Structure formats: structure tokens, C-alpha cells
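So the protein lines, in turn, are chains A and B. Under the working numbering, the first sequence is numbered contiguously, ending at residue 307. Under the working numbering, the second sequence is numbered contiguously, ending at residue 330.
It is worth saying that the hints were derived from the structure and are not from the lab. On a predicted model such as this, the values are computed, not experimentally measured, just so you know. Each residue gets a CB set at the ideal place from its N, CA and C atoms; glycine is no exception. Don't take each hint at face value.
[Said to hold, decoys possible] Covered by chain A, per the in silico footprint, the following chain B stretches (three or more residues, Cβ under 8 Å):
hint, stretch
1, 46 to 59
2, 74 to 84
3, 200 to 213
4, 224 to 233
5, 285 to 297
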Amino acid sequence: MARAKAEKARPQGYQTNAHDARMWREVTTPEGAVIRLRLADAGERAGALFIDAGIMLVTLIVGGMIIAFGVPDGYFGEWAEIGQILFNLFFFMLRAFYFTIFEMGRRAATPGKRIMKLRVVAREGRQLTANAVFARNVMRELEVFLPFTFLLTGMGGDTLNGMMTLLVLVWLGVFVFMPVFNRDKLRGGDLVAGTWVIRNPKPELAKDVTSTSANADDDAFVFSQEQLQTYGEHELQVLEDVLRSGTGEVKAAVASRIRARIGWEAAPLERDGPFLEAFYKQLRKTLETRMLFGNRKKDKYDTGESS
Amino acid sequence: MSELDLKSYRFRAEREDDWRALEGLLERIQNSGVNALKPDELVALPQLYRTAVSSLSTARAVSLDRNLITYLETLCTRGYLFMYGPRVSFWERFGSFFRRDWPDAVRSMVGATILSSAIMFGFALIVMMLVLSDSEWFYPFAAFLDERTPEASQETLRATLYTEDEDIAGMLSVFASQLFTHNTMVALLCFALGFMVGIPTAILLAYNGCILGAYVGLYVSKGLGFEIIGWLMIHGVTELFAIILAAAAGLVIGKTLAFPGEKRRVDAMADAGKRAGNVGMGVVVMLFLAALLEGFGRQLINDDLTRYMVAGVSLLGWLSYFYLRPGAKR
């Protein structure tokens, strides 16, 4: 059984800030490996909902027009009743089953969620069941559809007075903003069904940075052990980012900072790219060797004495 | 210093093909379903997944290449979500829902079911007694604008119970309006309002019980007791049962929210929510049948005894389906 340590999603150097760190949840697979799920944030979910609402609206309009042309006299005349009944049926089906059918599917996501690269999973990585999907979407009725209906058409035939409108707005507000106010970004339906909405993981393997550097460069840059002990794993990963996606200017700035720090005398016409790649490679080799001996260096402040 | 000197680089070079293979298989499963895989690919899949998971554990210990570790993490997450995700097909799920899941879920909330039917029928009974003692009591509970009021004659009321002209549009109209406006809304609301600690569910149940009691009281006072029960129960057995079950599910959710018991609240809620979800899906099926009975059955069958028979059969049917399960695990 997968066991999750939701409370202790430690930042492992690859989260950029505290907010980001709070959005990760760790799950231990039955194989014993810890994997991490990234919860969808409020903006992504709102975006998905708007896309879905748009799709539903367009479908409703198209369906309404098909009924109008398919039924003799459309919504007027003798067949008016049939036309309206069919339209209501269609509206009900769409409203009740749009989310459920899509989320029960392979991708566990509505078209809106798919576009926003989200999917539904059971909390803590357990099995997502059809009844969980049902429960989370029935709650939508209470969270969104019902208060909206009240606002648009009134309650029990009467339009709402000021007080009631305010109450309904509070009701709507409580549910709409609920995901913002809890740690797991749960809306009412997620709480009842025990589900999370997460970012659909999309694996992307780039080339290893070291694979692009020419071997010849290695001989041009020979760093002493002392120079390679200056930095730790955190700096190594920052350097990896710079090498992968930094502009020429950034590389130049980083290269000059490193040269200054380790006391490296630049040869005439030394280019920054090869220097950084060679330094990265040798630093990584040093740190990985230390790592194999259980002697890790977290960052440049880590002298190995504390902790 | 040669390239392959970096142990983590060699580690990656040796295993990258397997990871890519797994990535490709998972991508194809997501796009066109697991049936799109050839038999040998299906056999390879768990193997590749385990390789990737073990690679991830190793990579965390030997490699400082962040991109590599992130890649393996997402790859394993994706694999994990597939490997341990729901693997039953829709139709298997469909079958087991009717065979086992739904009746089991209903049986797991007997207490709440009894409570909600007590609320509904209790209030119905009270209001019926009130209306019988003084017909003025009818108005506060059932002020709808039609001819069914205490002023109406017995003939008028009797006429509302039977249908002479049977046209298909009328039946479809009753079917649709009952299913898609009133009943489903009441049931869904009973379910969803349970989230507010169950109190609104109880109020809604009581309110519906009051309306029920008011009308039954009205017809009984005009000497149409036998007829109204037949009119009501031909579909009412199914419909009221569905509403009671939806309310029971709502009450279970509300109770769990207030008193989660020994588990953490989110876990208890998820557990209760799943049972309630099963009941809720079943309720939709019941309401569909009830609307069919109401729209077509009641309009076509205008004989009291036949109506009672349909009601009796459906009651026995539901009760034995839900509660008579010889050998079923409690």
C-alpha cells in the first residue's frame, strides 16, 4: 500500500521557493521509491473550469440549434413542448455527466483539465474509483450550479431580494475560494471524494550537459582539488540550469564570478561556455564521488562539520 | 579525462533505452488505451516500470544531474499512476456496481436510512394529522397554484388521480419534468447538503415529508385515501426510497465531517464519500426508473389494484435487492 508523507514534502533543491515547495506531495510506491506529485494551483484549476464551462456552453448552443431544426416548428407551435423537453433533457445530461464521464476516462481529466495539463488522482496516490469521481462532481451541483441558478432565476419562482442575494453570494464565495484556503487545494468535492487534482507529469529528458562538451576541453581546464571543493550540490544544480537555459550574458557573469571565487586565471581568449562546462563536469565528478562515500556537500556553506 | 569517466553518465547511458521504451508505452496507453499494446509489450511494461523505479532510487544515490532525476521522477509517477490506477474496464465496473458495490454501500448505512425515512414519514404523518383535523393546515405546507386544494370537490380531486387521454407528449413531459427538475434536484441536494453537517438535509427531508403529508391528508379527508396511496406509491416506492437513500448518504457525509472517529478527518471523509458516491449513483438509476413509472406507468395504469401491485412488487424488489444477500459479507 502506498504511504504518503504529505506533511513532509521536503524541498530538495529543485523547488524555487517556499510556495512551490508546499505544492509537492510525496508518495511512496509499493516498490519503496518516493515519487512526488505536484498539486494544481488555484489559477490552473480556475482556467480548466472556464475552458470546460465554455465547451459546455458551446455544446449547449449547438445542441439547442440541432433540436430547433430537428423538431418540426422548433420551440414554437404545436411541438414546442417536445422541443423544450428535449432541450431540458439535453441540458441535464450535459450538466450531470460532462465532468463525470471525462474524469472516469483514461486520462482522468475533462478537456479543460487536459488543456491545462491537469488530472484527477485519488488522494495520496491511491486508486481513483468511479464513485469518487461521481461524488466529487455531484458536489459541483452544490458548489456552483445551484447558487448560480438561484442568482439567475431566483428561488422557488421569486427573484431574490437583497439579503438573499448576499447570502447566495456568500455561499458561492465559500465554495469557490475553498481551494485557496486549504493546504491540499481541495474543493468541497475533492474533500468528499478523497481526490487531488495534480499536474499531469510529462517526462522530458534533455541531453546530459556533460555529453555536449568536447573531450579536448577537459585538458585545457584542470582544476585543483581545492578549487573543486569550493562549491556544493546546490551551486552545481544552479550551474546546470545556467548551462541548459542561460543566455550568453548570464553565462559570462556566472563564469566571472566563479573565476573570481576559485582564483582561476583566465587564459587569453578563453571562452565562457567551455570553461563552465568543464567546471561543471569536474565539480559533478568530485561531488558524485563524495556522495558515493556518503559524504555529501549540500552547498558552499556546508563544511561537513555541522548536522 | 574522458566522458565516460562520469559514473552517473555511464549509468544513464546504460539504461536510457529502457526509460525511453517505458515513456513510449505510457504515451501510447494514454492516447489509445491499453488495448493498443501488443502482447509482448504488455509483458514488458511492468518490467520496464520496475526498472525505472529502481533507476530512480539509484539515480538519487549516484547522480547529481537534476534534469535526469526530475525526468525519472515524472516517468515513475506516470508509470505509478497507470500501474496502480483503476484497471477495471468500464463494463466490469458497471457489472460489479450492480452486483456488489451499490447494495453493499446501501447496507452499510442502514442506520442513516432508517433515520431519514423516520424524518420524512414522521413529518408526513404529523402534517397529515393536522390537515385531517383542520383543512386550513393544508395551506402553509402546500401552497401550489393548482386545483388541488381543500375547496375542491371530491370529483375534481378524483379526476387528478386518473388520466383519460393518453398522449405520448404528455407522458414524456411528466417523465422529463419530474426526473429532471424536481426529483433529481431534491435527491442531489439531500446528498450534497449533507456536507453542511447534515442539518440542511434533515430540513429538506422534513419539508418534503410535510408536502407529502399535506396532500395525503387532503385526499384522505375527501374519502380518497385508498386511491391517493395507489397514485402515489406506484412510483413513490422507488422515488421516495431514492430520496431517502440520497439523504442517508448525505447524513453519513455530514456525520463523518462532524465526528470523523478514529481516522484523520480527510481519510474518514474520503471513505464515507466513496460509499455515499456509490449510493448516489444508484439513486440516479432509481430516479430514472421512478420517472419512467410516473410518466408512463401511472398514466397508462388507471386501476387502483394494479397500481398497488406495481408498488408492492417494486418495494419487495428493492428491499430484497439491497438487504437480502445470503452469504454476503457484512
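Hint check:
1. Residue count for the stretch 46 to 59 of chain B with a Cβ under 8 Å from a Cβ of chain A: 5. That meets the three needed, and the coverage hint holds.
2. A count of 8 residues in the stretch 74 to 84 of chain B with a Cβ less than 8 Å from any Cβ of chain A is obtained; the coverage claim is therefore met, three being the minimum.
3. Counting residues of the stretch 200 to 213 of chain B whose CB lies closer than 8 Å to any CB of chain A gives 0, which falls below the minimum of 3, so the coverage claim is violated.
4. Given a C-beta distance limit of less than 8 Å, the hint that chain A covers the stretch 224 to 233 of chain B is violated, as 0 residues qualify and 3 are needed.
5. Here's how the stretch 285 to 297 of chain B fares: 0 of its residues keep a CB closer than 8 Å to some CB of chain A, so the rule of at least three is not met and the hint is violated.
Figure legend: structure checked against the earlier numbered hints; hints not met, in rising order: 3, 4, 5.
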